[in-house]
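Visitor: Sequences are here, hints too, so could you generate the full structure?
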Amino acid sequence: MKLLIHQCAHEFRKHWVLVICFVALFALGQQQVISNSSQDWSIAESLAYFLNAATFLLFSFLVAAPFLADSLAKHDRHLTTRPLSRTSLYGGKALFIFAGVILPVLVTNALVSLYFGEISTILRTLTADWLLVLTALALLIASFTVHQRSALTCVLSALLTLFFLTGLWGLFDWLQRRTFFFRTTWFDLPPTPTALFLGSLIFSLGLLALAAKAIRTPIRWPHLFLLQFGLCLVTLFAVNQLSRHDFRPPLPHQKEVAHILLQSEQPIEVQTRFGEFVPPINRQPVAISLPPTIQEKLASRFPFADFTYFALYSTRSTLRRLSYLPVSPASSKRISPK
Amino acid sequence: MSSIIELENLTKNFRKSPAVNDLSLSIPEGAVTAFLGPNGAGKTTTIKCLLNLQVPDSGQAKILGCDSRKLGPKQLQRIGYVSENQQLPSWMNVTQLLDYLRPMYPDWDREFEKKLLREFNIPLKTKLRSLSRGQRMKAALLSSLAYRPQVVVLDEPFSGLDPLVRDEFLHGLLELTEVEGWSVLISSHDIEEVQRLCDRVTILNRGHLELNESTDELLERFRKVTVNFPDSKNLPAGLPATWSDFQVSGRTIRFIDHRFHTTTLPEQIGKHFPDALTHEVQPLTLREIFVVFAKSFRLPNNPPSQS
Chain A
1 MKLLIHQCAH EFRKHWVLVI CFVALFALGQ QQVISNSSQD WSIAESLAYF
51 LNAATFLLFS FLVAAPFLAD SLAKHDRHLT TRPLSRTSLY GGKALFIFAG
101 VILPVLVTNA LVSLYFGEIS TILRTLTADW LLVLTALALL IASFTVHQRS
151 ALTCVLSALL TLFFLTGLWG LFDWLQRRTF FFRTTWFDLP PTPTALFLGS
201 LIFSLGLLAL AAKAIRTPIR WPHLFLLQFG LCLVTLFAVN QLSRHDFRPP
251 LPHQKEVAHI LLQSEQPIEV QTRFGEFVPP INRQPVAISL PPTIQEKLAS
301 RFPFADFTYF ALYSTRSTLR RLSYLPVSPA SSKRISPK
Chain B
1001 MSSIIELENL TKNFRKSPAV NDLSLSIPEG AVTAFLGPNG AGKTTTIKCL
1051 LNLQVPDSGQ AKILGCDSRK LGPKQLQRIG YVSENQQLPS WMNVTQLLDY
1101 LRPMYPDWDR EFEKKLLREF NIPLKTKLRS LSRGQRMKAA LLSSLAYRPQ
1151 VVVLDEPFSG LDPLVRDEFL HGLLELTEVE GWSVLISSHD IEEVQRLCDR
1201 VTILNRGHLE LNESTDELLE RFRKVTVNFP DSKNLPAGLP ATWSDFQVSG
1251 RTIRFIDHRF HTTTLPEQIG KHFPDALTHE VQPLTLREIF VVFAKSFRLP
1301 NNPPSQS
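Chains as they are written, first to last, in this note's numbering: chain A, 1 to 338; chain B, 1001 to 1307.
Hints are computed from structural coordinates only; laboratory data are not their basis. Every value quoted in this text rests on a predicted model; they were computed, and no experiment measured them. Keep in mind that a hint or two might mislead.
[Claimed, not checked] Under 10 Å between C-beta atoms, here's a sample of chain B residues computed to sit facing chain A: (1) Leu-1053; (2) Lys-1074; (3) Gln-1077.
Note that beta-carbon positions come from the ideal geometry of N, C-alpha and C, so glycine has one too.
Guide: Written out as structure tokens, the structure reads:
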């Protein structure tokens, strides 16, 4: 166990810059604000895919790199780590991936789901589709490195893992469909001021950087706790920017309860259930970015400020693409309780 | 003296070409053994099989009494290995490398580490990728010695090192092996350097064992003999099989005697060269002996004489 933690700390020391980049990008992506300009929307839409791909690649790299670095097939590189047992070596790497990359995503998703008060939703996020694929990829790489002599066994085990995880994801999805829309709950979280959010983000990322730089071997627990605390803090602030989730009675054309996401007194997204969307009547473009006031100030001063839109939009839209669809303020008035 | 390394009928093929062929060998504990052979002799493959970096096709390799295929962390913590191609994590500096490695070895000796650092004089805060090849080799050696291994296996450790660094490297290793009484297996083409270290010599050719003998005995039994004649002389027939590498130039014949003995050589010279005026005997270096072997490997059906 001690060596496993030691290896995990080693991976943090090696990849801490990338971890911070990933977590910062992910945290920023959780922020959501309305933009009323259709031009912004179209640019955001087109670049969102590029940024999603970048986030995905960064995630993939962080998952794959530790395993590939100490592949058993690379004798001359693997020499250094030989006195570690394979369990400690690859367990430490897996722990790093979980603690540094997967856990922040899970914490965020789980906290989002907590607003809906459904355990099944949390479980579903634990097996989110892209996480599923990457977990399988990590297992594939791990099996290739550990059992390098049988490629067929590696591929089969990876396929089986993927099959199993897909089944698990399907089960949670089914549970969620069964239970999600029966709850009607009102959430009204005051949005965090942007300055506070940015300050917190910078503070927690600074903590991360300090902890990562301070890690020495043998591992000191305060450093590890500080590191994990920083990671979770980023995600906490990320989630705190979620504005409002609203569960309403169904609209006339909807058969079941609708799920509406509100911000600044305006419903911006409506969904009836997963995979069923509100008809796009009078749909207004919605982008995800900093609050409009800050946004305008930035845009007027810095020509590249618009890129913050895309960074903010990208990861958030990936995670919620299946769940929500933007609707116009006009249609939202019909369902507004006020 | 018990064996610390034992190979029994070790065979390893790469596709259809044999790298190690039915190799049996025993290396005693506490000895510094030079593992020599021409390119492609199977030295590195044998070492890799011995350290479970490659799986032999048949036969067995034992190190510290343990089958190489069952080597675990406990055994590996007692084996030091430095390879010519060893890749250290280049993003680390030496301090970070040592910090990383230290917990892996329960017997890591901090005082010894400091002593080695002083002797090797490696910059601690420079990234490994920025160090010279010699400094990286020193770092690799340091990280393989600081836990006081029972066996040290070195595969071409002098490759790419300048003479000064080689000298420092050798001096350090020589001192350590004498003081610590470690068993060392060293594979190298720098035979002159190795001669200063080794107690035993093992020579491989095409995966076969050609020689496994103590250095003193080997150096003792090989001699370069120069025989002088009054007139020009041709090489007679029926010379002993233990003589090789004949060179005839005018009134002189030179050859290598593989079984030199102070009493038998004059008798043999008298028998085969009755008209010889004088003869001179010179000792050979390990490098010269190796060259004699290497030449004989190229000749069909003419293996060199063994002990």
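Visitor: If you test the structure against every hint from before, which numbers come out violated?
Guide: none
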